[in-house]
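Take the given structure of chain A and dock chain B to it, following the hints.
2 protein chains.
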Amino acid sequence: MRYLIHLSYDGTRYSGWQRQGNSDRTIAGKLENILTRMNGGEVTVHGAGRTDAGVHALDQTASFDLVKPIDPSDVMATLNAYLPEDIAVTSCKTADSRFHARLNAAGKIYRYVIRTDEVKDVFQRRYQWHLGKRLDISEMRLAADLLTGTHDFTSFATSTSSKHSAIRTVKRIDIRVKDGTVTLEYEGTGFLYNMVRIMTGTLCEIGMGQRSASEIPEIISARDRERAGMTAPAQGLTLVRVLYPETAAGGK
Amino acid sequence: MRYLIHLSYDGTRYSGWQRQGNSDRTIAGKLENILTRMNGGEVTVHGAGRTDAGVHALDQTASFDLVKPIDPSDVMATLNAYLPEDIAVTSCKTADSRFHARLNAAGKIYRYVIRTDEVKDVFQRRYQWHLGKRLDISEMRLAADLLTGTHDFTSFATSTSSKHSAIRTVKRIDIRVKDGTVTLEYEGTGFLYNMVRIMTGTLCEIGMGQRSASEIPEIISARDRERAGMTAPAQGLTLVRVLYPETAAGGK
Numbered sequence: 001m002r003y004l005i006h007l008s009y010d011g012t013r014y015s016g017w018q019r020q021g022n023s024d025r026t027i028a029g030k031l032e033n034i035l036t037r038m039n040g041g042e043v044t045v046h047g048a049g050r051t052d053a054g055v056h057a058l059d060q061t062a063s064f065d066l067v068k069p070i071d072p073s074d075v076m077a078t079l080n081a082y083l084p085e086d087i088a089v090t091s092c093k094t095a096d097s098r099f100h101a102r103l104n105a106a107g108k109i110y111r112y113v114i115r116t117d118e119v120k121d122v123f124q125r126r127y128q129w130h131l132g133k134r135l136d137i138s139e140m141r142l143a144a145d146l147l148t149g150t151h152d153f154t155s156f157a158t159s160t161s162s163k164h165s166a167i168r169t170v171k172r173i174d175i176r177v178k179d180g181t182v183t184l185e186y187e188g189t190g191f192l193y194n195m196v197r198i199m200t201g202t203l204c205e206i207g208m209g210q211r212s213a214s215e216i217p218e219i220i221s222a223r224d225r226e227r228a229g230m231t232a233p234a235q236g237l238t239l240v241r242v243l244y245p246e247t248a249a250g251g252k
Numbered sequence: 001m002r003y004l005i006h007l008s009y010d011g012t013r014y015s016g017w018q019r020q021g022n023s024d025r026t027i028a029g030k031l032e033n034i035l036t037r038m039n040g041g042e043v044t045v046h047g048a049g050r051t052d053a054g055v056h057a058l059d060q061t062a063s064f065d066l067v068k069p070i071d072p073s074d075v076m077a078t079l080n081a082y083l084p085e086d087i088a089v090t091s092c093k094t095a096d097s098r099f100h101a102r103l104n105a106a107g108k109i110y111r112y113v114i115r116t117d118e119v120k121d122v123f124q125r126r127y128q129w130h131l132g133k134r135l136d137i138s139e140m141r142l143a144a145d146l147l148t149g150t151h152d153f154t155s156f157a158t159s160t161s162s163k164h165s166a167i168r169t170v171k172r173i174d175i176r177v178k179d180g181t182v183t184l185e186y187e188g189t190g191f192l193y194n195m196v197r198i199m200t201g202t203l204c205e206i207g208m209g210q211r212s213a214s215e216i217p218e219i220i221s222a223r224d225r226e227r228a229g230m231t232a233p234a235q236g237l238t239l240v241r242v243l244y245p246e247t248a249a250g251g252k
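Residue numbers (the numbering used here), protein chains in the order written: chain A, 1 to 252; chain B, 1 to 252.
Errors might be hidden in some of the hints.
As the list makes no split between identical chains, a pair holds if one copy fits it or if it spans any two.
Here are the simulated lysine-lysine pairs, DSS-like style, with alpha carbons at most 30 angstroms apart [claimed, not checked]: (1) K68 - K93; (2) K171 - K133; (3) K93 - K178; (4) K133 - K178; (5) K171 - K68; (6) K93 - K133; (7) K68 - K178.
Simulated from the structure, these hints should not be mistaken for laboratory data.
Next comes chain A alone, as it looks inside the complex (with noise of 0.2 angstroms):
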């Protein structure tokens, strides 16, 4: 029986969401190691979004398939009684023997929050890059634009396999400015590794007036990370979504 689940998680104790080795410190690990008890065998945990080390997610989903159907609201209870404090299951329920969390997922949404205050904000500290310094917003929208649409990302991506194409499209980026702090959301129909925080490191740097966002269609254009700004910190970033066409046995 194939299940999908909603989960949330404080990514700060965690390698990433991916299973690397022995490592028990992974969100994957975690619900690995409950769920083949459950099973009396080894249980895989696809997840729509990898999440990086220190990474969060507000609502991520993935699947998996246990031997023998466990009703559903057991499965969460079970997870929810074993998982530790920084991850929760929001919700589970069955679903087509040809779902898969990720090779599904239409588009992910992601959130980068920046503090822009001088003094810290301790209740948000793990949650926020605290930068610290104003940010010009308007030229930061301007260049937000100019990232939105269908471009090879490769400027923007740690490393990528020549194999694999690094067309992906943006949706859009809103920049929301309140109390300090500076979010920024992304849509997209996948991101590649680091791209939502290169984009963002790129994004404050025009905004603190070291680019221009006038630069960002020949930082696009050269297929070169060296082009782009720095790689912001992992724990400012949290996946807030994950969306599935509406015909998919996935979505809430």
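Coordinates of chain B only, in the frame set by chain A:
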């Protein structure tokens, strides 16, 4: 020279505001260690609210003296440079030599957040009590109205000395429901030891139907801690603001 600072802190890692012996695990102790080095001689910091172990502050105030006058913005910058990541000074100014952060305070606002949703909020887990049960808000509001006013709050304090009056004025208790949480906001002239947490525990027992709002007057008149409800856990409590009369040297 006397100084007044405003500060916020995540109290999770601390054994409270007040220095106890040589313990370095207090908020006052962290401040005093840095200020004593700046001052070249012992500094005592007087906080307006002596928050308990695990209790947070959004906008606490504190006053202290330095032998040689130092520019307030330098005092703030030095404190923030040496304070740990869970304590932040948000403002610093000089004050009248008769000003005392606690003795001049006219009132305080505390907030208690209860998560009623069955699933925990991983991002707010340190700042909420995860009750995971529905609450009868209208019954709680009836009880809150009966608690409001000037009463002897002996029944709502962990330990009271017969030497000191237990009469306090609770100006308002606002109950707000939002996104799977219930927030209780208390404004009063002052609060006895554990008083906000015991009022919260009692209101929750009423909200869960274990008690009725109509019991409040007899609980108050009994002047007996045994008659009130449980002490709600520290982590859900935050000192929101300290109120000063218009004429005091305090206030932001």
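Hint check results:
1. K68 - K93: Close inside one copy (15 angstroms), not across copies (66 angstroms); limit 30 angstroms.
2. K171 - K133: Within one copy only: 28 angstroms inside, 40 angstroms across.
3. K93 - K178: between (36 angstroms within a copy, 26 angstroms between copies)
4. K133 - K178: within (14 angstroms within a copy, 32 angstroms between copies)
5. K171 - K68: neither (41 angstroms within a copy, 58 angstroms between copies)
6. K93 - K133: between (44 angstroms within a copy, 22 angstroms between copies)
7. K68 - K178: neither (49 angstroms within a copy, 39 angstroms between copies)
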